[in-house]
Every structure is written in C-alpha cells, then in structure tokens.
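Number of protein chains: 2
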Amino acid sequence: MDAAEFRRRGKEMVDYVADYLENIEKRLVYPDVEPGYLRSLIPTEAPLEPESYEDVIKDVERVIMPGITHWHSPYFFAYFSAASSYPAMLADMLCGALGCIGFSWTVCVLAASPACTELETVMLDWLGKMLQLPECFIAGTHGSGGGVIQGTASEATLMSLLAARCKAIRRVQATNSNYSESDVLGKLVAYTSEQAHSSVERAALIGGVMMKQVPADNSYAVRVDMLKKMMEEDKAAGLIPFYFCATLGTTPSCAFDRIVELGPLCNEENIWMHIDAAYAGSAFICPEFRPLLNGVEFADSFNFNPHKWLLVNFDCSAMWVKKRTDIIGAFKMEPLYLKHENQESGRSITFTHTHWQIPLGRRFRSLKLWFVFRLYGLQGLQAHIRKQVALAKVFESLVRADKRFEICAEVIMGLVCFRLKGSNELNQNLLKRITDSREIHLVPCQLSGRFVLRFAICARTTESSHIQQAWRHITQLTFELLQEPSH
Amino acid sequence: MDAAEFRRRGKEMVDYVADYLENIEKRLVYPDVEPGYLRSLIPTEAPLEPESYEDVIKDVERVIMPGITHWHSPYFFAYFSAASSYPAMLADMLCGALGCIGFSWTVCVLAASPACTELETVMLDWLGKMLQLPECFIAGTHGSGGGVIQGTASEATLMSLLAARCKAIRRVQATNSNYSESDVLGKLVAYTSEQAHSSVERAALIGGVMMKQVPADNSYAVRVDMLKKMMEEDKAAGLIPFYFCATLGTTPSCAFDRIVELGPLCNEENIWMHIDAAYAGSAFICPEFRPLLNGVEFADSFNFNPHKWLLVNFDCSAMWVKKRTDIIGAFKMEPLYLKHENQESGRSITFTHTHWQIPLGRRFRSLKLWFVFRLYGLQGLQAHIRKQVALAKVFESLVRADKRFEICAEVIMGLVCFRLKGSNELNQNLLKRITDSREIHLVPCQLSGRFVLRFAICARTTESSHIQQAWRHITQLTFELLQEPSH
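Going down the list, the protein sequences come from chains A and B. Read in order, the letters of the first sequence correspond to residues 163 to 649 in this note's numbering. Read in order, the letters of the second sequence correspond to residues 163 to 649 in this note's numbering.
Do not rely on the hints blindly, as some may be mistaken.
Heads up, the list lumps identical chains together, so a pair's fine if it works in one copy or across two of them.
[Stated by the list, open to error] Subject to a maximum C-alpha distance of 25 Å in a straight line, what follows is the list of computed DMTMM-like cross-link-like pairs (lysine to aspartate or glutamate):
no. : residue 1 : residue 2
1   : Lys555    : Asp194
2   : Lys485    : Glu207
3   : Lys391    : Glu174
4   : Lys397    : Glu343
5   : Lys485    : Glu297
Keep in mind that the hints were calculated from the coordinates and are not lab data.
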C-alpha cells in the first residue's frame, strides 16, 4: 500500500469509524458468541500473497464485530467508562505517523524525540494544575516532583511499590548493616484496602513483598484506626511496614479511603503513601469534587486514568511523584547509555522518563492530552464529568422510587450500586437475564457479602433517554423474573 | 467535535500523515533544539474554553516537529528500526474507534470483547507458524503453550523472569520446607550476556533477584562453557541458578547467543531459558535465517518485536510460552472476578491473557498484525526483510572498500558496526560531526572497549540511493575531520 492508496483507504476508514460511532446504539451492546468462535472464521495460516483491501475490510464486520462488546454504546454500563473522543483519535493518528519511540538510549541525550518527552512533562503539569495538585508534584515549578504517563494504573501502582521497596531496603540497611536485601524483603509489609483493585495485590506479588488487606468501614472506606492497629501489630511481630496504597473511588462501589487522616500516619511512620484514583481522579478537575482529593499533600505518588473518564482514548494513565529521585532510585542500575549527568536535576526531567516506567519505549501519548485539553477546554471537560454524575443521580432516583430495589452505596460519582431486595440468587438471576438480553451491559460486585449490580455511566454519548430506557428494560426483566413460579 | 467534523478533520489528518511520510526525507532527520525548548512555546496552563482546531493543528509544525527525530526518514540509521506501515496505521484507527479494553474481569467471562483476545491468540499462532516455532508454542494445537502480545520486550522479559522465579521458589520449597520465600529469593541467580539489553538486568531488579552477566566470546555471543562454569561456581557457593535470558541479535552488534548448545544445559539444570530476539526475530520468517532460531525447542519462552522489523507500528511485542500454566502461575492470586474454571485448559486460553502481562487492560493490538499479514502476505514481509539485509550488505561493501575504516562485527542482518581505524576519540569526533549535521542519524556502541558506530537499516522506504548518499556524507565528514591539524 502506497501513500496514494493510504489516502483513499484512510478516508474510507474515517467514514467507517464515524459511521460506527454514530450508529453504535443500533448494535446489541453485548456479543453472542461461543468461546473460540473466531478461529473457525479465518484461515489457520497467514496468506502467502497479499489479499485485497476489500476482503480485509469486509472481514471486520464478518469476523470482528460479532465478538465485540461495544464499550462506547450509550447502553454500556459495565466496569467503569473507557474514554473516547474524536480529538483523541485524531491525535492518535498523528502519533502513529510520527512513530517515534520516546526514550533516551544513548549518550546523545535528545535522540529519541525531545518533543515526545517534553510535551508529556508539560501536559502532566497542565493536568496537575487542573487538579490543583500541590506544587511539589509539578515539574515546571523546579520542585523535586513531576508527572509521567503510564500505560495503566496497574503499572503506576507497581512503579510506586518498587520505589517504596527500594527506599525501605536502603533505610533499613543503613541502620542494620548485617541485613541482606532478601532479609529486608522478607520483613516488608505493604497495605491496601480489602476493596482495592486486584492490581495492587499483584504489584506486591511482582515485587516479592507481603501485602495485607485492611478492612474497610461500612461505607467501604479505609480509616486510620484500622491501618494503625494492623501496623502496630506487625511492627511488634518484627515486620517492617513500608507502603500503603489508598484508593479514591474503589472499583466495587466508588468508595474513598480517608486520606486526610491516613496521610499523616503514613508520613510519621515513613510509609510510602500511593493514591490510586484510577476512575474518580478525573472528577477532581471540578471544584465541587476536589475536596475528595484533600490529603494528597501527604502522598508520595498519585495516579489516575484520563483514559477512563477524561475523554482520552486508552492507554493514558497519569502518575505524579513528589520526589523524582525516589522513583528513579528504584532502578539502581545505571549503564552508560542510560545515564545523563543532569538526570536528577529539574531541567533534565525531560530525559528521564525511561526510569519512570517498566517498558523502555513509549508512544507519543501526550499528543492525545494536548488535543483533548485544547479542543474541549477545561470547562468542556468539567461539563462532561458533571453531566455523567447527574445521569447517575437520575438512575439513583429511579431505583429509589421502586420499593423492590435498594441502593447499596452512596452515589458520589458516575456509579450506582443497587440490587433487588432479596437473595443473592435472585440478583444473580436478574443479572443473567440482563446479560442474555444483550441490550444493556452491567457487571456485578460483592459488597458485605451481597451480590450487587453496578450501573456505571460510561459512554460519552449516554443521555437521560438511555438511562430511562435502561431502567424500563431492567424493570421489565424484573417483572418477568418475579412472575416465575420459583419466586 | 461531532461525527461530521471528525469526518472532515480525520480526512485532513489522513492527508497530513501521507504528506508527512511522502516528504519526510526533505526534513533534517535529527532535531536542533535545546533541552526544555517546548515549555516556552506553549501556555503554562490548559485553556478554559475550547480552542479552534486550526490553531491546534498549526501548532503541530510550530511546536512538535522541531523536536522530532524522524524515525521513518530513509536517513535514520540509529538504534534498530521502528516498524511503520500504512496497513498497521489503518488498523490502529479501527482499534481506537472500537476502544475496547481487552480483559476478563468478572464472572461474565466474555465481557471485555472476545474478538480482542481471540484474534490475538490466532494471530500469534499465524506468526508462530511463519517462524516455524515448535508445535508446543502454538495454542491452536491444543498443546500447553501459546502466544500473547506484550507492549515491549522489556515486559516480556520481566514476565518470563517472574514466571521462572515463582517456579523456582515452589521447587526449592518443595524439598526445603523450612525455607521462606525470601530465603529462596536471596539465593536465586539469573544469567544473561554482558551484551544483553539493559531491560534484562532491570527485570532482575524488579523481581528482586541477583543477575550475573556472562562474558561473551569474541563474536559477542554467549557459549555454553562460560555459562556452565559460572553456574557451577554459584551452585558450589550455595546459590540457586534458575533463569537464563539468551539474546538472538544483541543491541550493540546483532550477535547471536548459541542457544543450540545453551538450551540443553538449561533443560538439564532446570533453568528457565528465555530468548529475547527483539530485533532479529522478524527475520526468522525467511527460511535462510531460520537456522539462527534452532534451539528454540529448548526454550521456555521466546519473544520478538514485530514493532521493530515486521511493519507493525509500535507497540506490539510477540511472546510465546511453552507452558501457559507456568506464566499464569506467576500470579498466584486468584480473586473471584479474575477466575474462570477452565482458564488453564486449551479452550479457554482466550480468557487468560490478563494473567500473562503486567497491565490488566489491553488495546486491540492484534488488528495491526491481521491487517499487515493479509495486506503484505508472508512473501511481502519476507521481501521487506531481505531488502533491508541486502542494503546492510551494500553499506558493508562501501565501508570495506575504504581502507581508513574497519568492520567491527559480522554483518548478519540489517546492522553494520564500523569505525575509523584509530582512537576512540577520533570516532567520537566523527559521530559528533554526523549528529551535528543532522542529515543522517546514527548511535554508537562499545565493543571490546572500542567506540563503534552502528549503522542500522531502519525505514521501510530506505533505498540503495539513500545508503550511497549516507556514505558520501560520512566520508565527506571524515575528510574534513582528518584535515584538522589535531589529526
């Protein structure tokens, strides 16, 4: 395919994409295929000779679409939102064409595209200011902190845990010079909420350290007393607490750990506090939600996913650290070709992102942020958040008005946790009917041992009419379910 | 921006991308900016209100392009190639529009788009067959292995090391029940070549295990005797060898560790052998290069980057494991919402990629493979590899014909290591002149203590005329350098 054909096919693809998104709600949101369905639809080997573009593009509808869950359908209410917007897609096209791999790999420190790393640093400053992060997290203030784009919150959590691990090992060895690294590793304890995302526990597994789950209160949030009690017991048993991952907006119910009270304890005890606000973080650009981030000043690192709720297509997870040297220090290795004499100084933050993440190479993801920030403006982004929170309130009201149902957790952002009053089995049956109908898509969670349905406002194009329609659908299925003799 | 405006702007962007790539060789390949250049070109905060699209797109040339190293210029000869092709870009546009996040997160096992995971499994089978991988790596054979797309080779190496670590800990604890996990961790030793990529050592740092560098022979390859000697000394000292990362196509000189002799040793000694063929792996689709992969049958895992040399835009790193259970086992944690009863069986490989990688979410990257394989065909891809190897031979001949220069390592693939006969300083000065001229871009390496210039055939559009022009440029700068009084 040459440039001329790309011009033609590219424009056709733009129309295909626009058609898909304009008409997405006509498709059933949830696929109806059997595991392994795809293998039988295509050959077992790659073709020897090129096929025609027409044949390939025809197969998108034949092979791919039947197995797609349409995340951007206004009837998709599962998990949390996955961001999508036209400006971000345009930026991604440009990113693909530039195809520069952002890293600094050699003594020629600028080699791998300075624009890529520099725009990222400045965009994380823009975003940090939108969130009113304390100055210590903003690179442009010539402070000691700054931001970086990770692929996912999982990677941000892992990086923070590794940085904390390294710092703790050094601190312990400084006063106990006869401890080996593995002696210390065997004593380190990390903590997170029992409500935290599985990727937090996973980070501890990767890092080879023990992680304990802190019980949450009855609003599903971690409070300081419980963490303090666990830490004291562990210290008495000879263990070394070193890391706490707080969650702002938990996956099951969007609960907020009380970082205002947890932060001072962590600071006193030399515990690295990381804040995972993967979903809810986007909302902190609105002044009315910003108080939920109070206490971030105690954190060593903070992360949220613009690719969830800030109209920036996956993947783009924004992470800030208070001290760049902490995270760079997690990778003690310094081969010549990764070394730059000024790498820990303010100016050369532009060269060091290689040390801030697991992969060495990185795409030019900050272009998406730049396009979205400028083409929506802060007010446009705030309007998007507010609209989705308001839609969640609409759904909450509908549920509350129906005495057969109950709300299971406070509705603070775009997530409503609800259930039929009755057994877990009853609610499992309701969800099964919803899933089988394929018209809307929800996923469940467990709260206090109860099977709960999660209704998350996800698609950018979801309107009140879709919420009303979803609720009619749910109540119709409920009616049918309750008619059955077994109930 | 609505769909109608996206149709218009998207088509403009397609033309911008085609214009950029058609005219890329008119741009100086290397940027001329000072560190921090970008911050002063744009505001310090995001705009409150939306800006016009015209303003944003104008800034691409004003702000971004001056700081770009043009990786796809036919005058870019640095690092290794970063793949780029029009079919891959079209597939990425589709990927962005679908915006599905491939993972299985709940009891509804199909939820996150079955097409995403299933196409990936089948494409890795197609690719594995192109490479003539042993059947045990192919998922569709109902064997115990299969493939997964990682973001980068760094992540593949890390995953393999974590899997090996977990297996080793279990094995040691099975016979030494009084060993704690950290006791074992403190004794584990991993090995890799002194020529291996820094990401291998980094994987060991993350995993908290010791890694030792094995000296290479005078062709920069690791031989079995040296590894065996080191392992025996370590075992005698009470350590536990558990992992060896072989490189096929090292970063400095594209050397090939002798896996045919290393593999049997690793198998005998219960050492996990991972093969990192990040760059060279693509060439194994050509029968004449496939012998370099002989010995892969001894490996537990194998990885290479289609995003380097197989015309698939970054990121797309292909990884295969011989036993799925090994890599899944590295994450012992099994919360209900990630569990599926058949997850280790052949059929449900489609649900388990979440356990094969660091992030939970994943883009629909297999679309790029599907488009590229079908629109080039195996023969088209082979032709691309062969052409680039032939171009390297052209450059090698030019160097060999000039008695002032020497070739520093055997030219097997698309990389030529060369230098001026003389001091390291002389060669550093030559490279500085090349870099400062910005007309072509190379990076150096160290081989046997000597400063060496690497000339890698990178861009898809590089032709013999560009090689000739690059050589004229190098010899002109050499002439000027040697004229200077100091020489």
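Now the hints, each set against the structure:
1. Proximity of Lys555 and Asp194 under a CA criterion of 25 Å is satisfied in neither setting, with 31 Å inside one chain copy and 53 Å between copies.
2. Within a single copy, Lys485 and Glu207 get their C-alpha atoms only as close as 50 Å, which misses the 25 Å cut-off; across copies the closest is 22 Å, which meets it.
3. For the homomeric pair Lys391 and Glu174, neither the shortest alpha-carbon distance inside one copy (62 Å) nor that between copies (61 Å) is at most 25 Å.
4. Within a single copy, Lys397 and Glu343 get their C-alpha atoms as close as 19 Å, and across copies as close as 20 Å, so both meet the 25 Å cut-off.
5. Taking the shortest alpha-carbon separations for Lys485 and Glu297, only the intra-copy value of 12 Å comes in at or below 25 Å, while the best inter-copy value is 49 Å.
This entry does not satisfy hints 1, 3, going by the numbered hints stated previously.
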